[in-house]
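Number of protein chains: 2
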Amino acid sequence: MSTRENALYYAKNNYEAFLSNLESFIRIPSISTSSENVVWVKTAANFVEKLLNSIGVADTKILETNGHPVVFGHYKTDTPNAPTVLVYGHYDVQPPDPLDLWETPPFEPSRREDYLFGRGSSDMKGQIIASLSAVESIIKTGEVPVNIKFIYEGEEEIGSPNLPAFLEKYSKLLESDVVLNPDSGMISPNIPTIVYGLRGLAYFELRINGPDHDLHSGLFGGIVHNPASVLSNLISGMHNSDGVIQLDGYYDDVIELSEIERKELSRLPISDKDLLDQTGVKMLWGEKNYTSIERTGVRPTLDINGILSGFTGEGSKTVIPAWAMAKISMRLVPDQDPEKVHQQLIKYIEKNIPPTVSWDLKKFAGGKASIANTNHPGVIALSKALEEVWHTKPVFKREGGSIPIVGEMQKILGTDSVLTGFGLPNDNIHSPNEKLHLPTWRKGILAIIHFFYNYSGENEN
Amino acid sequence: MSTRENALYYAKNNYEAFLSNLESFIRIPSISTSSENVVWVKTAANFVEKLLNSIGVADTKILETNGHPVVFGHYKTDTPNAPTVLVYGHYDVQPPDPLDLWETPPFEPSRREDYLFGRGSSDMKGQIIASLSAVESIIKTGEVPVNIKFIYEGEEEIGSPNLPAFLEKYSKLLESDVVLNPDSGMISPNIPTIVYGLRGLAYFELRINGPDHDLHSGLFGGIVHNPASVLSNLISGMHNSDGVIQLDGYYDDVIELSEIERKELSRLPISDKDLLDQTGVKMLWGEKNYTSIERTGVRPTLDINGILSGFTGEGSKTVIPAWAMAKISMRLVPDQDPEKVHQQLIKYIEKNIPPTVSWDLKKFAGGKASIANTNHPGVIALSKALEEVWHTKPVFKREGGSIPIVGEMQKILGTDSVLTGFGLPNDNIHSPNEKLHLPTWRKGILAIIHFFYNYSGENEN
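The listed protein sequences derive, respectively, from chains A and B.
For the first sequence, my numbering begins at 178 and goes up steadily by one.
For the second sequence, my numbering begins at 178 and goes up steadily by one.
Check each hint, because a few of them may be wrong.
[Claimed, not checked] Derived PhoX-like pairs (lysine-lysine); straight-line CA-CA distance at most 20 Å:
1) Lys570/A to Lys540/A
2) Lys189/A to Lys253/A
3) Lys317/B to Lys253/B
4) Lys620/A to Lys465/A
5) Lys459/A to Lys459/B
6) Lys528/A to Lys528/B
[Stated by the list, open to error] Here are the in silico distance ranges between beta carbons for each label pair:
7) Tyr192/A to Leu538/B: 46 to 54 Å
8) Pro275/B to Leu538/A: 43 to 51 Å
9) Glu345/A to Asp451/B: 52 to 60 Å
10) Ser418/A to Lys539/B: 48 to 56 Å
[Claimed, not checked] Some chain B residues close to chain A (C-beta under 7 Å, calculated; not the full set):
11) His402
12) Ile412
13) Asn482
14) Ile484
15) Gly492
16) Thr569
If you're looking for bench data, these hints aren't it; they were derived computationally from the structure.
This one's a predicted model, so the numbers in the text were calculated from it and none came from an experiment.
By construction, the Cβ of each residue, glycine as well, lies at the ideal position given by its N, Cα and C atoms.
Throw the hints in and build the complete structure from the sequences for me.
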């Protein structure tokens with residue numbers, strides 16, 4: 178057997194052990210947004226470092242940031258003139274709420290038929306274990322064809338606020354030829370997918386303050402401007418009835434689609450029927466004159482992620498709420514700038530807020546959109562790898578989600594990322610009952626093994 | 178000393194014992210809207226019955242309804258041809274949320290300076306204990322000048338859904354000449370107040386359903402109509418920018434103010450400055466061409482009592498919520514009908530709901546507005562009683578709150594209510610840190626003693 182075949186053989190014989198690693202990883206509730214879970218986030222970082230050591234990556238360290246730490250690892254090959262791949266991952270997860278909708282506890286992995294359920298199973302603890310299992314298979318069976326560095330952050334789900342500074346500080350340590358980022362997914366189990374574009378993100382919390390305490394709606398109804406009404410008015414004005422965002426200047430920096438890209442995207446095998454099935458909505462919605470794939474990939478959005486005001490318990494309580502709060506986020510596309518849309522939102526509020534209330538806007542971390550070169554040697558190596566396992570050419574997709582790190586790595590390190598991943602659209606990531614499709618995940622491990630061998634070869638040519 | 182003077186003397190010497198009864202009463206969390214507190218609501222009913230017995234009202238019973246029970250009591254006087262007063266009260270209270278804003282626990286009464294803090298201290302356990310203390314003072318010191326019946330319900334804070342049927346069933350038992358209802362309040366500690374008008378209430382819960390689970394806002398943002406946005410649009414359209422409610426036909430049955438009543442109301446010593454102080458808002462708000470007193474007393478309202486949707490915890494979570502919910506209530510004035518505004522709300526939603534979502538409207542109990550005759554012998558007796566204690570004539574007020582029982586008693590029993598009470602506008606009823614002003618409350622006990630003696634005399638003349 179060739180070295181590559183040895184590695185593939187090793188992987189196929191160790192799926193159960195890999196899966197057991199994933200289950201242990203899921204049991205750690207590393208929710209980065211929750212201050213109560215700081216210890217668990219740290220535990221997850223330690224878990225990743227130990228796992229690196231156990232698969233044969235001895236040179237590891239946990240590097241502090243102003244937030245959650247980064248786990249770094251480095252495997253130096255004996256192969257001369259080998260290129261360096263930087264493998265990215267995030268070991269943090271989304272909060273599990275609403276908890277009552279989970280069929281099994283979010284941090285207790287549960288295998289049911291072809292799926293493994295649990296928070297992070299797909300996004301992205303499953304993808305981390307897939308890439309580490311591929312590396313393990315290569316290290317344990319022969320000569321490693323490339324140098325491999327590892328960077329695992331703990332703040333992706335809160336917008337990677339401390340990563341730019343980290344990249345600046347450790348740019349030398351992180352030098353590489355390409356970044357392998359398995360934090361995106363596949364269109365369906367039979368269609369391997371390479372993502373070449375990602376949307377950016379800007380996230381805010383808006384609070385409207387009215388009376389200094391909840392008031393009796395009988396005694397004061399008619400003279401106090403209800404903060405929940407004021408907030409609703411503001412939200413209502415953010416889109417027009419055609420779904421177009423009404424912040425002044427919001428579309429100024431949006432790059433319009435070329436006809437060529439439009440044609441390419443129209444070939445993607447995702448139908449509106451698929452999207453209806455995945456979401457359960459009665460009917461799709463959005464900006465006119467753009468297809469669903471365009472609206473989720475190349476057009477910016479503004480979404481309300483949450484609202485809270487007044488009495489929300491069982492039954493009735495007749496109060497005028499003292500305040501109302503909304504979480505508001507935008508998915509950005511090239512060349513929108515998170516800080517610029519922040520200013521646009523402030524101007525919108527200033528223009529529309531009535532004098533009866535006061536307000537406060539908090540900004541959470543965000544990031545720019547990114548687009549990759551589809552002719553990059555890393556993309557070619559990955560494309561071949563996916564074809565070798567699935568026996569079909571992968572499709573190329575611009576994705577609606579945001580991985581700020583991709584743009585930052587391009588800007589700060591000068592390194593391009595190749596984006597893939599083995600999650601599926603109905604994995605319920607960020608939702609209750611998140612799951613991982615195990616047959617696809619197993620194929621993913623094999624594809625990453627192929628990628629490393631292909632990339633070393635691609636680079637020789 | 179006369180009989181009346183004996184009773185007043187007894188009251189003045191027993192304030193501490195009365196207050197201790199009130200403290201025991203507050204310790205019972207009789208939250209009628211909460212299914213978890215059913216046992217406590219029952220406990221409060223038993224407490225009231227025992228208290229009636231202990232002050233000398235032997236003829237009591239607890240009468241079941243389809244909801245929480247009613248406590249009935251009857252004291253028959255030996256005085257020949259005496260009229261009958263029916264004393265009303267509700268032993269249930271509002272929920273205490275938001276709990277974290279209470280300075281001391283809501284169900285642990287706390288005396289601080291001139292105040293007693295605790296849920297129900299003002300609304301209306303304090304008022305119940307005031308009237309029972311007055312009755313006790315009369316019974317224990319001499320001949321009782323009137324027959325007294327008592328009706329204590331446990332569902333006022335949820336709109337008294339079962340009371341109309343109860344009144345129908347027990348109309349014979351509840352026969353009386355006048356109802357004394359101490360569930361309203363005073364304008365300030367030095368201005369005794371008689372309420373002659375109350376607003377009605379209609380309360381709803383609207384739920385907008387979008388996707389069948391919370392979605393990743395990156396993957397699906399741009400193609401799914403956000404339920405929180407849809408709800409905001411609906412709420413936003415319910416008022417125009419002048420504060421006028423936009424439900425078709427909403428004002429059709431509203432009786433406009435007469436010039437005489439307008440003049441009377443303008444004499445009430447409540448300034449906009451007072452209202453700013455009581456609410457803490459930057460600026461008052463509401464329908465143009467009506468004063469603040471008119472807007473809270475004689476004009477109908479529509480208020481959002483609560484909103485909930487999506488992620489509302491700390492930090493950020495990038496979801497498109499599966500649903501959004503609002504609690505919506507209206508304060509009604511003569512001759513609006515709760516069922517008619519219910520239909521108007523349904524029509525408004527049907528007209529404005531987009532086809533992208535589904536919706537559901539729940540109706541909670543409501544009631545019509547009511548207006549009393551200010552020349553009623555009961556009103557005259559109460560007016561004199563208040564003047565005897567405060568040495569100033571009471572003011573007459575139409576109040577913004579709702580006590581559905583008043584209209585129902587007029588309609589079903591044919592009995593008018595006289596409305597007073599010894600709470601103050603800054604008592605924080607329905608809010609955290611509810612409190613009772615003890616000096617005013619003590620005076621209230623004396624005033625009720627006077628009322629009973631006055632009323633028997635008024636009736637003789």
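Hint check results:
Between Lys570/A and Lys540/A the CA atoms are separated by roughly 41 Å; this puts the pair beyond 20 Å, and the hint is violated. Taking the CA atoms of Lys189/A and Lys253/A, the gap is near 25 Å; set against the 20 Å cutoff, the hint is violated. A distance of roughly 14 Å separates the Cα atoms of Lys317/B and Lys253/B; the hinted pair therefore holds under the 20 Å criterion. Only pairs whose Cα atoms come within 20 Å are accepted, and Lys620/A paired with Lys465/A is rejected, the gap being roughly 38 Å.
For the suggested pair Lys459/A and Lys459/B, the alpha carbons sit about 42 Å apart, so the restraint of at most 20 Å is broken. Our distance criterion of 20 Å between C-alpha atoms is broken by Lys528/A and Lys528/B, whose separation comes to about 29 Å. Range check, Tyr192/A to Leu538/B: Cβ separation about 51 Å, and the 46 to 54 Å hint holds. As the Cβ distance of Pro275/B to Leu538/A is approximately 22 Å, the hint placing it in 43 to 51 Å is violated.
Restraint check, Glu345/A to Asp451/B: a C-beta distance of roughly 58 Å satisfies the suggested window 52 to 60 Å. Take Ser418/A and Lys539/B: their Cβ atoms lie about 27 Å apart, and the range 48 to 56 Å is violated. Hint status for His402/B relative to chain A: holds, with the closest Cβ pair at about 4 Å, below 7 Å. Interface hint status for Ile412/B: upheld, as the beta-carbon distance to the closest one in chain A is roughly 4 Å, under 7 Å.
Annotation: Asn482/B was flagged as interfacial toward chain A, and the flag holds, the nearest CB pair being 5 Å apart, inside 7 Å. Nearest Cβ of chain A to the Cβ of Ile484/B: about 5 Å, under the 7 Å cut. The hint holds. Hint on Gly492/B holds. Least Cβ distance to chain A is approximately 3 Å, under the 7 Å limit. For Thr569/B, the suggested interface contact is broken, since its CB lies about 23 Å from the closest CB of chain A, more than 7 Å.
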